[in-house]
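Okay, here's what each chain looks like letter by letter:
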Amino acid sequence: MNGPLEELLRHPALWRGDSMADASTTIPTGFRRLDERLPGGGWPASTLIELLVPAPGVGELRLLVPALRALSAERPDAPRWLAWLAPPYLPYAPALADAGLDPAHSLVIRPRPGLDLLWAMEQALRSGACAAVLGWTSAASDQALRRLKLAAAEGQSLGFLFRPPCHHHESSPAALRLLLTARNNGLDIEILKSRGGSPARIDGLPIH
Amino acid sequence: MVPAATARQLWLGAHFPRLPLEALLPASTGAAATGITEVNDPRRTIVACNDRAARQGIIVGMGLNAALALVPGLALQERRPAAEAALLDRLARWALQFTPVVSVESPDALLAEVRGSLELFGGAIALCRRAQAGLQSRGLQAVVALAPTPRGALWLARAGLRIAVTRAGAMPGLAARLPLSCLRWPADVTEALAGLGIRTVAELLRLPRDGFARRFGAALLEELDEGLGRRREPRRRHLVAERFDEQLELPAAAGSTAGLEPAAAQLLRRLGAFLRARASGLSELRVDLLHRDRAPTRVRLGLTRPAGDETHLRALLRERLGQSRLPAPVTGLRFRSGVLLPLQLREAGLFEQGRAADPRATARLLERLRARLGPDLVFGVCPVPEHRPERAWRIAEPGGITPLPGHWPASRPARPLWMLVAPQPLEGWDGVLVTGPERIETGWWDGHDVRRDYYVALTRSGVRLWIFRERPPGQGWFLHGVFG
Numbered sequence: 001m002n003g004p005l006e007e008l009l010r011h012p013a014l015w016r017g018d019s020m021a022d023a024s025t026t027i028p029t030g031f032r033r034l035d036e037r038l039p040g041g042g043w044p045a046s047t048l049i050e051l052l053v054p055a056p057g058v059g060e061l062r063l064l065v066p067a068l069r070a071l072s073a074e075r076p077d078a079p080r081w082l083a084w085l086a087p088p089y090l091p092y093a094p095a096l097a098d099a100g101l102d103p104a105h106s107l108v109i110r111p112r113p114g115l116d117l118l119w120a121m122e123q124a125l126r127s128g129a130c131a132a133v134l135g136w137t138s139a140a141s142d143q144a145l146r147r148l149k150l151a152a153a154e155g156q157s158l159g160f161l162f163r164p165p166c167h168h169h170e171s172s173p174a175a176l177r178l179l180l181t182a183r184n185n186g187l188d189i190e191i192l193k194s195r196g197g198s199p200a201r202i203d204g205l206p207i208h
Numbered sequence: 209m210v211p212a213a214t215a216r217q218l219w220l221g222a223h224f225p226r227l228p229l230e231a232l233l234p235a236s237t238g239a240a241a242t243g244i245t246e247v248n249d250p251r252r253t254i255v256a257c258n259d260r261a262a263r264q265g266i267i268v269g270m271g272l273n274a275a276l277a278l279v280p281g282l283a284l285q286e287r288r289p290a291a292e293a294a295l296l297d298r299l300a301r302w303a304l305q306f307t308p309v310v311s312v313e314s315p316d317a318l319l320a321e322v323r324g325s326l327e328l329f330g331g332a333i334a335l336c337r338r339a340q341a342g343l344q345s346r347g348l349q350a351v352v353a354l355a356p357t358p359r360g361a362l363w364l365a366r367a368g369l370r371i372a373v374t375r376a377g378a379m380p381g382l383a384a385r386l387p388l389s390c391l392r393w394p395a396d397v398t399e400a401l402a403g404l405g406i407r408t409v410a411e412l413l414r415l416p417r418d419g420f421a422r423r424f425g426a427a428l429l430e431e432l433d434e435g436l437g438r439r440r441e442p443r444r445r446h447l448v449a450e451r452f453d454e455q456l457e458l459p460a461a462a463g464s465t466a467g468l469e470p471a472a473a474q475l476l477r478r479l480g481a482f483l484r485a486r487a488s489g490l491s492e493l494r495v496d497l498l499h500r501d502r503a504p505t506r507v508r509l510g511l512t513r514p515a516g517d518e519t520h521l522r523a524l525l526r527e528r529l530g531q532s533r534l535p536a537p538v539t540g541l542r543f544r545s546g547v548l549l550p551l552q553l554r555e556a557g558l559f560e561q562g563r564a565a566d567p568r569a570t571a572r573l574l575e576r577l578r579a580r581l582g583p584d585l586v587f588g589v590c591p592v593p594e595h596r597p598e599r600a601w602r603i604a605e606p607g608g609i610t611p612l613p614g615h616w617p618a619s620r621p622a623r624p625l626w627m628l629v630a631p632q633p634l635e636g637w638d639g640v641l642v643t644g645p646e647r648i649e650t651g652w653w654d655g656h657d658v659r660r661d662y663y664v665a666l667t668r669s670g671v672r673l674w675i676f677r678e679r680p681p682g683q684g685w686f687l688h689g690v691f692g
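Chains as they are written, first to last, in my numbering: chain D, 1 to 208; chain P, 209 to 692.
Hint data in this document are derived by calculation from the structure and do not stem from the laboratory.
Accuracy of the hints is not assured; some may be wrong.
As the list claims (entries may be wrong) - Derived DEER-like restraints, expressed as beta-carbon distance ranges: (1) D:74 / P:478: 26 to 34 Å; (2) D:170 / P:633: 51 to 59 Å; (3) D:26 / P:592: 31 to 39 Å.
What the hints assert, rightly or not - If you want the footprint, here are the derived chain P segments under chain D, 3+ residues with CB under 8 Å: (4) 600-606; (5) 625-639.
C-beta: ideal position from N, C-alpha, C; glycine also.
Just chain D, same shape as in the assembly (with noise of 0.2 Å):
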């Protein structure tokens, strides 16, 4: 039979089991001494990820690019895009190609101040359109977290929320939580959640 089905049935990349475990895999942080303190050697995939940050700027971003580039590379051929919401500032395009960050794939959303922001955020987790999303918000219910959450396993995005430090004692269901405190000039990383994995600390974490 000529039947599309059969094309289908022939194709030899359909179903091969070990390329869709993304919900057991993980993205290497790029910093070793992160690593080793993360379940699965790196930044969950595929899920929430909750960044307490006390004020924009402290290496927040820098701490992500590596990861970013790891996932904006993982298919040359057909690259997913980096979603950015209600970043402070305006993502600089020459800085995203110097970091290997091809800034055709950035997309900026800037919603109105309030629900559009989880929102926006949502959609863009779940499209599958994105490789990660990027989002800045102090508000958001716990409520809201598990919708971000199941948005990211179901478009296999990996999303990064960025909050200030007073939520540090409210409850999430982000896979991993993490509290970023500057230091000099490196990063004091507290892992205050992570799924599968215990409370640690990292101080004076180097990052460029």
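Got chain D; can you put chain P on it based on the hints?
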């Protein structure tokens, strides 16, 4: 003599002109003249009517007032699109006996690719007869036609032509018999064509192509070429209208969602095997948690992309079940799939290879975001070969191509990942300078010249900034970027 070449694909189209009526009323009712009216339509146009109404002069497309003037006792019902869709879906599943590749053509037709099934059913004509008889025995008025192109099969069926065309390239010759209405083009186009005296597809084909494209758009011309088989039709989206529906008793009633996991895993394995056998993915999974003496707790897992991977589904299900409270111990599980979607027909490699971009997914995301947030709040960025930092980038449509950095400075100090739209004066600045200065003096030719010394600086709270001082110094510091 060598028989004429049979087309590589053969599409069976079935059109149901009375679907709005048949979806609402059992076929046997026919006592009273009945008309079905359009919803949300000020004229309340008649979209279908039974034989009796037709004999009394009711015509599809008539406004309600005209219909009542003609048949004052006409029984009326509003159409129910959901019932029509459900009936069409049932018919699609019925059509699976002929081929695994069946698609629903909303609102009132089906398509099935049957080239591979011809021998099994004794040839094209026998297959069409069988399909026609099967539909009629279900009480439906149907027109079944066969053509080498999917669009062509729909045209023939909508035109009421019960014919089987198996020869590649035969469609243009049939065009003379096709009324324009079978194309289902927008009313303004059809009216404009009627104004030119064009009422059949054959007359349409005599128009100069470029003139037609200019006036009515290239898309309609392409549609025409696809229907006639002059142009390969982009692969249509298919619906394999089959469902997974399985139930499993738990060995012992479970009081918590954690206790459901082994049974859920077993059902997911069966579901995975079912999907693999059909090379399909799910669009929706409905899970019923069965209780002993009460109605099941229903959980619905909606997926934006077809999924069939057990690991992925298990993660989603765990997440979803983790949120639900069990109102009573669970005695069993029932999993039902929504519509199955063949994976390859929805962007091969998207799912199987994990993380490839689906161009349609990006387009959909952009559309959705812009629809709600407004077009200006969703954008991309692009570097520009220019020394002045604030002019070294611009807003661009996301997903474009980044120009090669051919004209960029070969090497320059690092730039911050975050930039302020315009430099801001730094008041009461008391951090430390880490590196610098980087002198940027340029732009004298266009009047927007800059003369600045840039430094990397660190605030007391550890934020790394990109700041500058105008030259000659004296005007204070400006913040231009944040390294993040």
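Hint by hint, here is what the structure shows:
no., hint, in the structure
1, D:74 / P:478: 26 to 34 Å, "holds (31 Å)"
2, D:170 / P:633: 51 to 59 Å, "violated (37 Å)"
3, D:26 / P:592: 31 to 39 Å, "holds (37 Å)"
4, 600-606, "holds (count 5)"
5, 625-639, "holds (count 5)"
In the structure shown, a violation is registered for the earlier hint numbered 2 alone.
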